[in-house]
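Colleague: The residues making up each chain are set out below.
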Amino acid sequence: MALKKNAVIVGGGTSKFGIRQAHLLDMIQEAASACSQDIPGLKPDDIDGLIVATTMAGRHSSALNTAPLVVHRLGLKPTSICIRLDTLCAGSNSAIIVAKGLIESGIAEVILVTGAEKVYMPQRWETNYTQLMVNDHDWDSAMGLGVPPPFFAMIAKMHMKRYGTTKEQMAHVSVANYNYGTTNPKGQFSGRTLTLKEAMEARIIADPFGLYDCCPLSDGASAVIIASEEKAKELSDRPLVYLRGTGQHATHSMSAGWPGETLAEWPHLKKAGEVAFKNAQLTPEDIDVAQVHDCFTISEIIELEELGFCQKGEGGDFVASGAIKLDGALPTNTDGGLISVGHPFGASGARQSLELCKQLQGRAINQVKDARFGLAHNLSGTCAQHTVVIYGREPVD
Amino acid sequence: MSEYKKAEIIGTPALNGTYVAEMDMWPLEAQEFNRLYPFYDHLREGKFTTTKCRKCGHVAFPPGVICPKCWSEELEWVELPQRARVVTFTETQAGAPIGFESPLIMAWLNFGEKAPLKHLLGRIINCREGQLKEGDEVKFVVFEVPSHPIEVKKETKVCNRVFYAFEPVK
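From first to last, the protein sequence lines stand for chains A and F.
The working numbering puts the first sequence at residues 1 to 397.
The working numbering puts the second sequence at residues 1001 to 1170.
It should be emphasised that the hints constitute simulated quantities derived from the structure, not laboratory data.
All residues carry an ideal CB built from backbone N, CA and C; glycine is no exception.
One or more of the hints may lead you astray.
Heads up, simulated BS3-like pairs for lysine-lysine below, C-alpha to C-alpha not over 27 Å straight-line [to be verified]: (1) A:278 x A:369; (2) A:197 x A:325; (3) F:1114 x A:271; (4) F:1133 x A:161; (5) F:1047 x F:1157; (6) A:270 x A:161; (7) A:231 x A:77; (8) A:325 x A:16; (9) F:1157 x F:1170; (10) F:1118 x F:1047; (11) A:43 x A:4; (12) A:312 x A:270; (13) A:161 x F:1118; (14) A:16 x A:43; (15) F:1133 x A:167; (16) A:270 x F:1118; (17) F:1139 x A:161; (18) A:271 x F:1069; (19) A:312 x F:1118; (20) A:167 x A:197; (21) F:1069 x F:1114; (22) A:161 x F:1114; (23) A:270 x F:1055; (24) A:43 x A:161; (25) F:1170 x F:1118; (26) A:271 x F:1118; (27) F:1133 x F:1047; (28) F:1114 x F:1157; (29) A:270 x F:1069.
Some, not all, of what chain F presents toward chain A, calculated at C-beta under 8 Å [claimed, not checked]: (30) 1025; (31) 1092; (32) 1104.
All chains should be modelled from the sequences, with the hints used to inform the complete structure.
Modeller: Below, the structure written as structure tokens:
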């Protein structure tokens, strides 16, 4: 039997995120262009596999079988894999998990993972309405569960009640992420900064969330190259960044199956993290930089707890202590996160993984000194599924 | 910058008045499209029900065609408790999806530690904004929702539909 190969993330790029005057396929082409600028040695003919992650393509862009459309627009001729994949907000990190397996097994050599969403429609009501179709439609959605803020607001209320988390602690997440994202040229809120006072005094979206506690809705696309170690050396001279371990865990689709004692406990994330750390042969203490799914400020706080970066219930203190800042114990969402860069669902995972690639290659805009290990996390839907991907400067033995 | 002429025809006239199931916010409840149609028949009788496994005894929610614990197909319909306590809740004034009136009140409901269905996200209706409190008791309530057409050979049949929510116990 052939020895297992190592999979690496070579580089990538994104389109501008935000309210875009562009078609879904336009933005995927922009992301591919940014990817080729990031990896000057890369040509379309080098790519033997394509995985497209998108949720809204079918409804919003009338593009149900999306992969062939991307093949044609990007001039690809894949021979190993050519698929569209959907896990909502975790789409492109899920695609990276699939790509890792295909590279390690020798089925593919160079895979383009692209994630994209066209969220904004000619009439805005349709954007909110579509969100009834991404939850468990016949059960939770028919109860009115569409846009996420009300659900996560209940999570925040429970966390505040059980663990004493405060609005000010949540505001520290907004401030950190806006201030990281101000230097991200592709971000929705590029150039914007935020003070604690502004965050605290923002208009209420869903009690207890103010405007800056919530990530925006965004159009956008991202693209990364996952390749075998041998191919990566041909494509780029940069340090190799290995896919060390992954975990993905789901327990339910609708509220009746919620696995936690209350909404403030996310045991399904704890499990996904444990699986990923075990596969990566690492512990939370090893991680130098993290990109966790900050769809809301409370999400980042709970994720840092459940992933083991602080004790359960101490996430509020952890973020307020400055631990998530560039000189802190765990610089988190160093490119601005969902809150500042924006959140085109399927595109977010690859955007996070690209930031970790740059961090571990020592070329990030907000560079964490000597970063060796990085973790990316997405939650999907109304916290139904968790996806964790861990990168390192060295492969797993 | 492109110039747009004043349009004489706007939208998708071919669809005017046509039912589009892809845009439907309610379930397709008819027997022709759903093996769980008894759930909706039971709603019409004022009953809140689900499926219980005859082999392993597991009570699932939502109901299903097989038991999610043991994959047995031997299921029976059982009634669920109709009263619950509000653990926490949220009131949406702006941004409720089209079709849901504001304020849209949703609550995390607890049916009790021994209930087969422990918790559920429930919409609270017949309730003013500011009226609901944590710990309040709410009860199951059924209401009519828009029907939809089904083609049956050359005829069009109408599926009348219902759904459920919860309301404060006075």
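Colleague: Hints first: check each against the structure and report whether it holds.
Modeller: Status of each hint after checking the structure:
| no. | hint | in the structure |
| --- | --- | --- |
| 1 | A:278 x A:369 | holds (25 Å) |
| 2 | A:197 x A:325 | holds (18 Å) |
| 3 | F:1114 x A:271 | holds (26 Å) |
| 4 | F:1133 x A:161 | holds (14 Å) |
| 5 | F:1047 x F:1157 | holds (25 Å) |
| 6 | A:270 x A:161 | holds (21 Å) |
| 7 | A:231 x A:77 | holds (17 Å) |
| 8 | A:325 x A:16 | holds (24 Å) |
| 9 | F:1157 x F:1170 | violated (39 Å) |
| 10 | F:1118 x F:1047 | holds (18 Å) |
| 11 | A:43 x A:4 | holds (26 Å) |
| 12 | A:312 x A:270 | holds (10 Å) |
| 13 | A:161 x F:1118 | holds (20 Å) |
| 14 | A:16 x A:43 | holds (22 Å) |
| 15 | F:1133 x A:167 | holds (21 Å) |
| 16 | A:270 x F:1118 | holds (22 Å) |
| 17 | F:1139 x A:161 | holds (25 Å) |
| 18 | A:271 x F:1069 | holds (20 Å) |
| 19 | A:312 x F:1118 | holds (23 Å) |
| 20 | A:167 x A:197 | holds (11 Å) |
| 21 | F:1069 x F:1114 | holds (18 Å) |
| 22 | A:161 x F:1114 | holds (24 Å) |
| 23 | A:270 x F:1055 | violated (32 Å) |
| 24 | A:43 x A:161 | violated (54 Å) |
| 25 | F:1170 x F:1118 | holds (23 Å) |
| 26 | A:271 x F:1118 | holds (22 Å) |
| 27 | F:1133 x F:1047 | holds (26 Å) |
| 28 | F:1114 x F:1157 | violated (42 Å) |
| 29 | A:270 x F:1069 | holds (22 Å) |
| 30 | 1025 | holds (6 Å) |
| 31 | 1092 | holds (5 Å) |
| 32 | 1104 | holds (5 Å) |
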